[in-house]
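For the protein sequence lines, the chains are A and B, in the order given. For any residue, its number in our numbering is found by taking its place in the first sequence, counting from 1, and adding 1. For any residue, its number in our numbering is found by taking its place in the second sequence, counting from 1, and adding 1.
The hints are all genuine.
Heads up, the list lumps identical chains together, so a pair's fine if it works in one copy or across two of them.
Derived DSS-like pairs (lysine-lysine); straight-line CA-CA distance at most 27 Å:
1) K185 / K77
2) K101 / K8
3) K78 / K175
4) K8 / K135
5) K101 / K5
6) K150 / K77
7) K135 / K150
8) K78 / K150
9) K150 / K101
10) K77 / K175
11) K185 / K150
In short, the hints are calculated from the structure, not lab data.
There are 2 protein chains.
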Amino acid sequence: MEIKIMKNILDRNQNKADEIRNLLTLKKVMMVNIISSPGAGKTTLLERTCEALGAKFRIGVIEGDITTDRDAQRLKKYNIPIVVINTEGGCHLDSHSISKVLDNFDLDNIDILFVENVGNLICPTQFDLGESFKLAIVSTAEGDDKPGKYPMLFREAAAVLLNKIDLIPYTNFKIRNFNSDLRKINSHIPLFEISCTRGDGLAEWYKWIVEQVNSVTHFKHGVPRS
Amino acid sequence: MEIKIMKNILDRNQNKADEIRNLLTLKKVMMVNIISSPGAGKTTLLERTCEALGAKFRIGVIEGDITTDRDAQRLKKYNIPIVVINTEGGCHLDSHSISKVLDNFDLDNIDILFVENVGNLICPTQFDLGESFKLAIVSTAEGDDKPGKYPMLFREAAAVLLNKIDLIPYTNFKIRNFNSDLRKINSHIPLFEISCTRGDGLAEWYKWIVEQVNSVTHFKHGVPRS
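When you get a sec, could you build the whole thing from the sequences and use the hints?
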């Protein structure tokens with residue numbers, strides 16, 4: 002019984018996600034569904050990425066948060082369109098909540114729409130939002146066993162950002178353990194070792210995301226924001 | 002419709018949780034439901050606590066994990082009863098899964114039953130397991146905004162362990178911000194600032210947990226494990 006209910010919820014989510022994906026393909030908008038544990042660095046990654054690519058691409062952000070607009074407040078200074086979805090206790094975004102807020106964006110003038118999902122390594126993975134791809138962020142402070150223990154996200158994501166590598170000297174994190182677990186789950190997934198506070202590895206991340214957006218929005222990219 | 006379904010699930014969970022609570026009260030077992038994000042230090046806290054209190058109290062552990070038994074393997078060396086519940090992708094434990102494994106424990110010879118919930122700051126908070134109380138763990142590396150952004154757990158927990166305080170010098174974590182948010186949500190909750198790897202603050206934690214178990218199991222505690 003519970004399985005059937007869950008399947009109905011997921012089916013309805015999938016139908017709406019397909020609609021969104023069709024619309025974004027038509028509008029040549031790349032939507033990136035960013036998933037991580039609480040505090041892995043999603044918002045700081047968006048801050049760095051807006052600083053580095055905000056002049057080259059037109060960026061929009063959907064902020065999924067349980068109850069506050071704190072992450073959105075941090076991004077206000079970049080003068081980009083931002084919409085907050087408060088889930089009121091809900092543990093993930095779904096395609097219906099995304100669909101309801103898409104009208105707030107001028108999609109003809111957006112190249113990349115980042116969705117910062119609720120901080121949760123599990124539930125958001127199950128709900129397709131109509132994104133171009135999922136992005137996994139994990140912090141070294143969480144330990145090197147996360148791909149092995151929470152494999153779903155690492156199986157589905159298009160890339161993994163290992164953040165806070167500046168903390169490795171102060172923890173027992175072993176990159177070879179992390180990498181070995183990750184490769185068992187997803188042998189070819191790109192892995193970027195970064196520090197959003199110190200800047201390590203971000204150039205490679207920017208290069209990769211630019212390649213992705215160019216492949217999605219090739220008729221539209223490179224238009225300077227007005 | 003979805004709200005009704007959710008309510009039925011929660012009602013059934015509550016009924017079973019009440020049964021468990023009655024049984025554990027009868028058996029004078031204190032059950033502690035440990036909730037945190039992935040990698041905040043739940044298993045390391047259990048390692049330290051088994052080392053410090055394993056001779057004084059009879060400890061049992063239920064390990065909630067999505068797919069592996071890695072955390073249980075780390076605790077094997079303490080020679081305590083451990084049962085693993087693999088949720089197969091599920092984002093939380095519920096009272097039915099706890100009820101099914103309780104038969105594996107000799108409850109007459111257990112003082113403290115620690116339940117390490119699935120690493121998730123959101124969903125586990127909604128499901129009463131029949132525990133004596135919930136314990137919140139949060140790592141400084143997650144940032145000082147977690148009580149504000151994920152208030153549910155901090156509202157319900159009996160105590161908060163702020164772990165990895167040894168990392169504070171290498172992050173932008175401000176204890177006054179954390180504390181100020183926490184006090185708005187739960188003004189009197191005990192807060193322990195600890196480092197499970199370095200040992201800071203653990204003596205206060207042991208003292209507190211001993212007080213709790215003494216109040217629950219006062220006819221039974223202090224019996225050395227055979």
